[in-house]
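Visitor: Single-letter residue listing:
2 protein chains.
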Amino acid sequence: MKLPTLAVLLSLPACAAPTLMPLPATMTSGSGRLEINQTFRLALSGPSDEPRVHASALRLIARLAAQTGMPLDRSFAPDPTTATLVVSWTSDGMPVQTLGEDESYRLTADATQARIQAQTALGALRGMETFLQLVEADSQGFKIDGVTIDDHPRFAWRGLMIDSSRHFMPFAVILRNLDGMAALKLNVFHWHLSDDQGFRVESKRFPKLHEMGSDGLYYTQEQIRRVIAYARERGIRVVPEFDMPGHSLSWLVGYPELATSPGPFEIGRHWGGFEALIDPSKEIVYRFLDSFLGEMAGLFPDEYFHIGGDEVNDKEWRANPLIQDFIKTHSLDGSRGLQAYFNKRVQTILARYGKRVEGWDEVLNPDLPRNIVIQSWRGQKSLAEAARLGFQGILSNGYYLDLMHPASRHYEVDPLAGDAASLSDAEKARILGGEACMWTEYVSPETVDSRIWPRLAAIAERFWSPAEVTNVADMYRRLDVMSRRLDSLGLRHNSDYGEMLRRIAGPAPVEPLRALADATEPGKGYLRDEHRYTQQTPLNRLVDASRPESAEAREFAALVERIVATRGESDLAEARRSLEAWKANDAVLQPLLTQSFLAVEDAALSAQLASVASTGLEALRALETHRARPKDWVEENSAALEKMRKTRAELTVPIIPAVEQLVAASGERVGAPEHGARTKKKKKKS
Amino acid sequence: MKLPTLAVLLSLPACAAPTLMPLPATMTSGSGRLEINQTFRLALSGPSDEPRVHASALRLIARLAAQTGMPLDRSFAPDPTTATLVVSWTSDGMPVQTLGEDESYRLTADATQARIQAQTALGALRGMETFLQLVEADSQGFKIDGVTIDDHPRFAWRGLMIDSSRHFMPFAVILRNLDGMAALKLNVFHWHLSDDQGFRVESKRFPKLHEMGSDGLYYTQEQIRRVIAYARERGIRVVPEFDMPGHSLSWLVGYPELATSPGPFEIGRHWGGFEALIDPSKEIVYRFLDSFLGEMAGLFPDEYFHIGGDEVNDKEWRANPLIQDFIKTHSLDGSRGLQAYFNKRVQTILARYGKRVEGWDEVLNPDLPRNIVIQSWRGQKSLAEAARLGFQGILSNGYYLDLMHPASRHYEVDPLAGDAASLSDAEKARILGGEACMWTEYVSPETVDSRIWPRLAAIAERFWSPAEVTNVADMYRRLDVMSRRLDSLGLRHNSDYGEMLRRIAGPAPVEPLRALADATEPGKGYLRDEHRYTQQTPLNRLVDASRPESAEAREFAALVERIVATRGESDLAEARRSLEAWKANDAVLQPLLTQSFLAVEDAALSAQLASVASTGLEALRALETHRARPKDWVEENSAALEKMRKTRAELTVPIIPAVEQLVAASGERVGAPEHGARTKKKKKKS
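Chains A and B, in that order, give the protein sequences.
Heads up: the first sequence is residues 1 to 686, going by this note's numbering.
Heads up: the second sequence is residues 687 to 1372, going by this note's numbering.
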């Protein structure tokens, strides 16, 4: 059994405000306390029995029952005056959800009733998510405190991209992530459906695409339709991406005639670029695309259609005399001009099917029509450039979830900051929002939820809430609550962690391994690209189980901040306890690691954590005894810690920066703390 | 972070044998080590492409991939000689799985291959479950050690009954529990589909049954067919129960003409008996049943059909002059004779539809045909009596999961023990096996998994394994492993525990509440019947979250056993740590309990745990210092502990018996332990 320390208990807000995420545009406390008990009834009041509102309201009742553990009447109240919650909306909205459709709502609650008023069905959906977050228990029962919320999104395009090509993500994974997205008021699911490593959609016109390009791992058209309907019910648009003319090896397995080189081709198994690509100089390519895109345009109702266009390796184009002739004949600007030509042809086809084109930075070309949307993976500079040229755009640079950065880092990225800050208002208006990207080279169906959640919630708040909402500590407080709420929606970021650690531990007890895992993080950035991975490589190591962001390390860093500032006794004691536990864990863990082949590689990492903790303890001793360490010692240990930043088994020890701070502080000559210093210390979570 | 104590680490077997549950009939270690890696391929070899074996083999590959975290080739090996696992069977088996169908299999493994050989497809399924349990990690990789297993079930009828009437259990709940059953080689799902509180099956012939008798909570016929197909693929028969002539209030809401009294009727909302019941003297009843049972006989393919027949309250029959005339006219033996008359008529109808009747003890009547199966909720005596009369029977008394007894208690109940032990061999052969019963008065979809699992695994072993398999400590060791494996199958007994505790804690941190919950258990037996519960009462209190069996209390009891026997120093220290933690928890928890209305009621329980722990610490002190407590002290404290056995908020403190043992021991004058006593101590888990 484990008891929370007093510090944990003290860090809790005495009287918690409701934990909302994303934070609404404005919120004012009202009076009264609306009891949420078994008399709860919901009434709908709109121009029609709009199916999305109807379905969402039924889900609200079911989720409220699950959240409170109370059986609830599942029928709607016939009379709004007697209902606990009235959901009203003025217009049912578009048959296909469109970009920029009104999502605003007003939510008011007093002692007798809660009311959601929205312009559109979509706004009603957003308000219902807020309602569920407002329900909390106190000593009397479940309740909502009197409140007025006026809310609307800051950006119209708030997306998540999931790459279903590198690793196929089963139907159920997609559905549960749509539930998570809806809870965070995200409104675009960008589905990366083809790439070198797999073509994931059933095509009835060109069945060799999925038959030969997917290893049997693809979505049937019926499943696609179900995903789209599921998303629509949650106020989410589905934008498909078929990446071309590069990243298209999986197409060429079944249809080598589309390729620049003669083939034959096999599905890509490793990561990084392949040279094979579509040949834009062949008319057959456009006949094929006309038919194929026509089929897909019918399957995916959204107005936007993503054609990829990123990272075209033009080596084969340059080596191909026919293509070089074509470039000359058409007076194109080399390979770049050839891709622009291709994009224009594709854009023309899609326009005929009523679609607007979206593409990655590389599709940007002044010759293209201005209704193309640019998705920037390169950065705010490239996005600002597009806006200046008159293109609309969304930001994805800074929101790559696969790079394992902390939520705070993504949270600080603003689509309208950086180069975009200097744009005119008209240009700024072209920046529609952003999209988090979940590339899946190193992500399996088992690990995908833990790479998306809970960090995506912080990004979702950046896209929805006012720009001024930037308090990182408060964001983390709410993120912890959201993480648990997402459990209840069926997301597996927390549950799979334990199961994976047990597998890695093998016959050994799991707790010491968990202690190590809790204090480590996967290496950041594109580190894993240095290794020899393929699509078949098992993702069952500690680096796969380990969370992108260690809560323990984050809390330890905050503790060290306080120690450096005030040298509080209880903080010093808490830091000592943590460091001693990390140090002691290694001795317990080492013999256990030898019992499982999946754990053997973690020996050096465990030793590294112990070594970092030892250094931390030595520095702490200096602070506790007010005896500064000599300069040599500080330099030596700082250098040693610097070296220990190196990954082991692709994992890092994220307490190193905080321990470096302790080491630096231990070299400073500081007297005993003034009397009263402890009362000045900041709260751990403010 | 939490470190395991050295005691926990020492208690682990140095070289673990594979953790099988249920234990097979015979198992012999062989030589060699079969590597299970990404080259794994499975080959099938049977008289046809039997759909169950085919589907189960595909699931085996998917589950092996999930278990190991390794992508595996999902196609079957064309050539058995190159396969890692060959599954062969001689006969495809019956189109509808029958009672007593051969389930035996032989599983052999050596360094090059594993082979499952079975007479029937069913045996192949059982062998595949064993195969998955054999795969374990060691320092080299995943592997199976050389082994020969010859296995067959002890009993032909190994069931679980789920009551879907008192609380409706959604489709998904049923499916995941079928997965759990299959993992434990259970073969009968007995589905209690109607009772006073709800009629749960769509009837096309009598739609008012489900329309008026279910609050809209029923299974469509399509869902029923899917459950049956899902069960068949897992080697599980589905036996439906429609309880009559008592427990039938929900039928009468839509069809009051079947009733003994005039009606109108409403669905039963509270628990315990209702007086309304079917009138066996009306011919209309048999015309109705003929048509209704004909429809259900077509829906449920199993040969057996359960007609309930339990707990008939004959008050209305006795008060009804027409019925009393009927009894006289037909020379029936009062109400008992009337029920036998009814059963015979129903049996005749069902026989015409090719069904054999099953019923609870009360249907037993010498006048009925001997092909009826008696399910005994009353006990072994009643079962033995039935067997002597020539009826087949199964035991459920002793296997009621809703009574919250420990797994060990169920494990010790043997269908062939007690009164059955004195039966002749021919009579014993009539005892077909047993069924665990999950009645759901106090069980919701959220809590049902935690009431079934993992305890059902112990009962499943009783039904499958040889009678000599009775080592309780070893059962618990394997039960812990099975519990985690069941997590991976999607069962929620572990995951819902945390979610419920967080809800109860409300705005307060959950850890201290969890510490309390870990050390408490729901009251045993029919205790909750004393309170005013209805179908609508929320089941969201600590008594609902709390596990039927506290692992902490069980481990503490084992520790105290050792202390009483040997007074080992490290055992004393460990007991002190546990008792101190329990005692200290109360002070932390009390202020937190006031923050949530769902937790307020647990204040007395927390205080009680602290008080028990205090007494334990005082007793421990006497043992540590070798100074016996005076007799008065022992008596006083024993009496106080006895009083504390009383439930608080319907929960008990299960460490009381162990603390009572400590108190008793503290009164005995014992010298310091002999030198070497510590080395004599039994291992915690042997």
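Don't take each hint at face value.
What the hints assert, rightly or not - Example chain B residues on the side facing chain A (calculated, C-beta under 10 Å, incomplete):
1. GLN819
2. GLU822
3. GLN826
4. GLU1310
5. ALA1314
Hints in this document: simulated from the structure, not taken from any laboratory.
By construction, the Cβ of each residue, glycine as well, lies at the ideal position given by its N, Cα and C atoms.
Visitor: Output the indices of the hints that this structure fails to meet, ascending.
Guide: Hints 1, 4 and 5 are the ones this structure does not satisfy, whereas the remaining hints hold.
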